[in-house]
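Chemist: Residue-level listing of the chains:
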Amino acid sequence: MDTTANTAGLGWLHTSVGRKVVMAVTGIFLMSFLVVHLAGNLLLLRGDGGAAFNAYADFMSTNPLIRVLEVLLFVGFVVHIYQGLYFISKERRFRPKGYTLHRPQDNTTIFSRTMRISAIVILVFLLVHLRHFFVEHRILGASLTMYESCKLAFENPFYSAFYVLSMILLAFHLAHGFHSSFQTLGLIVNRRIDRVVRWAGTAFAFLVPLGFAVIPLYFLFQTLY
Amino acid sequence: MHFTLRIWRQKNAQDQGHFETYEVHDISPDASFLEMLDVLNERLLKEGKDPVAFDHDCREGICGSCGIFINGRAHGPLRNITTCRLYMRHFQDGETITIEPFRAKPFPVIKDLVVDRSALDRIIQRGGYISVNAGSAPDANAIPIPKPAADRAFDYATCIGCGACVAACKNASAMLFTAAKVSHLALLPQGQPERRERVKQMVMQMDMEGFGHCSNTGACAVECPAKIPLTAIAQLQRDYIWANLTPDPYTR
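In order, the protein sequence lines correspond to chains A and B.
Sequential numbering from 146 applies to the first sequence in the numbering used here.
Sequential numbering from 9 applies to the second sequence in the numbering used here.
Calculated directly from the structure, the hints in this document are not laboratory data.
Predicted, not measured: the structure shown is a model, and the values here were computed from it.
Any given hint might turn out to be false.
Derived lysine-lysine pairs resembling DSS-like cross-links, with alpha carbons at most 30 angstroms apart [stated by the list, open to error]: (1) K54(B) - K19(B); (2) K155(B) - K242(A); (3) K178(B) - K235(A); (4) K119(B) - K242(A); (5) K235(B) - K113(B); (6) K242(A) - K178(B); (7) K19(B) - K178(B); (8) K178(B) - K119(B); (9) K178(B) - K235(B); (10) K19(B) - K242(A); (11) K119(B) - K19(B); (12) K235(B) - K242(A); (13) K235(A) - K155(B); (14) K57(B) - K19(B); (15) K54(B) - K119(B); (16) K242(A) - K113(B); (17) K235(B) - K119(B); (18) K235(A) - K235(B); (19) K19(B) - K155(B); (20) K235(B) - K155(B); (21) K57(B) - K119(B); (22) K235(A) - K54(B); (23) K113(B) - K178(B); (24) K235(A) - K119(B).
Build out the structure end to end from the sequences listed, making use of the hints.
Modeler: This is the structure we're talking about:
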């Protein structure tokens with residue numbers, strides 16, 4: 146065999162398979178972030194006037210290790226989004242003349258077919274979310290505490306509706322992405338592992354966005370009663 | 009049975025191509041899809057018209073020639089079968105059937121429903137083989153292979169190269185095809201000496217031919233007549249990551 150495919154260093158990350166690996170690694174990293182983020186957010190439900198949540202928010206914005214991870218997280222998001230946009234930009238090239246009648250609904254899940262839509266909604270959500278909490282507090286230095294900021298946002302039915310809708314789309318994204326990332330890393334070795342990972346992925350995609358969505362609904366319903 | 013056929017007609021690779029509608033009558037429910045097309049073609053010949061060109065050979069589901077996109081699915085509405093094993097009883101009487109060629113950048117249309125799938129052959133030529141010195145036949149069982157390994161390797165070796173995976177994939181990816189060969193040889197001792205190089209070479213060729221990336225939607229495995237499982241793709245991914253992340257033990 147000739148050895149022209151021996152790309153030096155990290156060149157292999159630019160092949161179709163390498164790019165998938167980048168997508169999967171950043172995807173798993175972002176999923177681990179979701180778990181940590183959710184664990185912190187659930188402190189909002191303690192009913193202690195936000196004492197625990199504010200202490201947590203304070204820790205997250207001052208601890209040096211967290212600051213480093215924050216940069217890493219930012220890079221993770223940017224790379225994941227860039228890679229996704231790259232794939233979208235190339236898609237038409239692989240099948241320039243499309244099918245007149247194509248029924249992907251017969252052989253794929255709705256979650257895998259809606260990855261682009263869910264990705265765009267999550268991206269918009271992320272930007273609004275960052276503007277509302279990160280920029281407001283960390284850059285503009287808002288006078289409200291983090292708890293008050295959340296309460297104010299979630300008591301707005303439009304914001305809460307947008308939040309819940311985004312979480313539903315996040316669930317869709319995870320329902321395909323969780324299993325897909327493990328498959329891309331080559332970890333789905335046999336049918337048994339496949340079943341376990343699919344089951345875990347379904348549970349993850351259901352529970353994590355549900356956990357996030359409960360919080361705005363909690364504040365919203367408090368304003369009603 | 010009676011059907012209305014919307015068939016893609018294209019004179020050659022340069023032609024724009026268009027759909028033409030044909031009516032076929034008195035088709036037996038036990039006729040295969042290809043036999044139904046034969047009936048149409050015989051009539052077209054009698055009328056002095058150009059018959060519809062379509063690929064076919066064994067007509068028993070093992071050669072992989074009969075790649076046709078039928079009613080929005082590779083090889084028609086059933087899972088894991090070839091077009092020649094699709095029977096007209098699987099359709100409604102009077103149904104309109106849309107018949108197109110497999111569409112992908114690396115599969116140029118030659119005529120009507122016939123596409124050039126030699127891009128798949130070039131992927132195999134890149135690394136889907138083992139290098140052995142030709143000579144007298146080796147003794148049987150000279151290389152012991154555990155039964156489960158032989159069975160699993162055979163599961164991957166059953167790929168018939170029909171291209172349904174490419175046709176069904178939203179990105180026209182040839183991953184299932186390439187992964188079947190990579191996995192087949194990765195599980196056998198004979199495949200080991202070239203294992204690292206093989207996966208790199210075949211992935212490179214796959215990209216060069218213009219096939220897309222894999223999105224793990226699994227559409228390929230649903231349409232694959234050889235039932236190649238998605239674990240083949242996981243095996244390719246594993247080997248590719250390993251071959252690129254670990255230092256090559258064969259370099260001095």
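Chemist: Give a verdict on every hint.
Modeler: Consistency of the hints with the structure:
no. : hint              : verdict
1   : K54(B) - K19(B)   : holds, 20 angstroms
2   : K155(B) - K242(A) : violated, 45 angstroms
3   : K178(B) - K235(A) : holds, 12 angstroms
4   : K119(B) - K242(A) : holds, 15 angstroms
5   : K235(B) - K113(B) : holds, 24 angstroms
6   : K242(A) - K178(B) : holds, 12 angstroms
7   : K19(B) - K178(B)  : holds, 26 angstroms
8   : K178(B) - K119(B) : holds, 23 angstroms
9   : K178(B) - K235(B) : holds, 19 angstroms
10  : K19(B) - K242(A)  : holds, 16 angstroms
11  : K119(B) - K19(B)  : holds, 5 angstroms
12  : K235(B) - K242(A) : holds, 27 angstroms
13  : K235(A) - K155(B) : violated, 43 angstroms
14  : K57(B) - K19(B)   : holds, 13 angstroms
15  : K54(B) - K119(B)  : holds, 20 angstroms
16  : K242(A) - K113(B) : holds, 8 angstroms
17  : K235(B) - K119(B) : holds, 28 angstroms
18  : K235(A) - K235(B) : holds, 28 angstroms
19  : K19(B) - K155(B)  : violated, 50 angstroms
20  : K235(B) - K155(B) : holds, 20 angstroms
21  : K57(B) - K119(B)  : holds, 15 angstroms
22  : K235(A) - K54(B)  : violated, 46 angstroms
23  : K113(B) - K178(B) : holds, 12 angstroms
24  : K235(A) - K119(B) : holds, 27 angstroms
In the structure shown, a violation is registered for the earlier hints numbered 2, 13, 19, 22, in ascending order.
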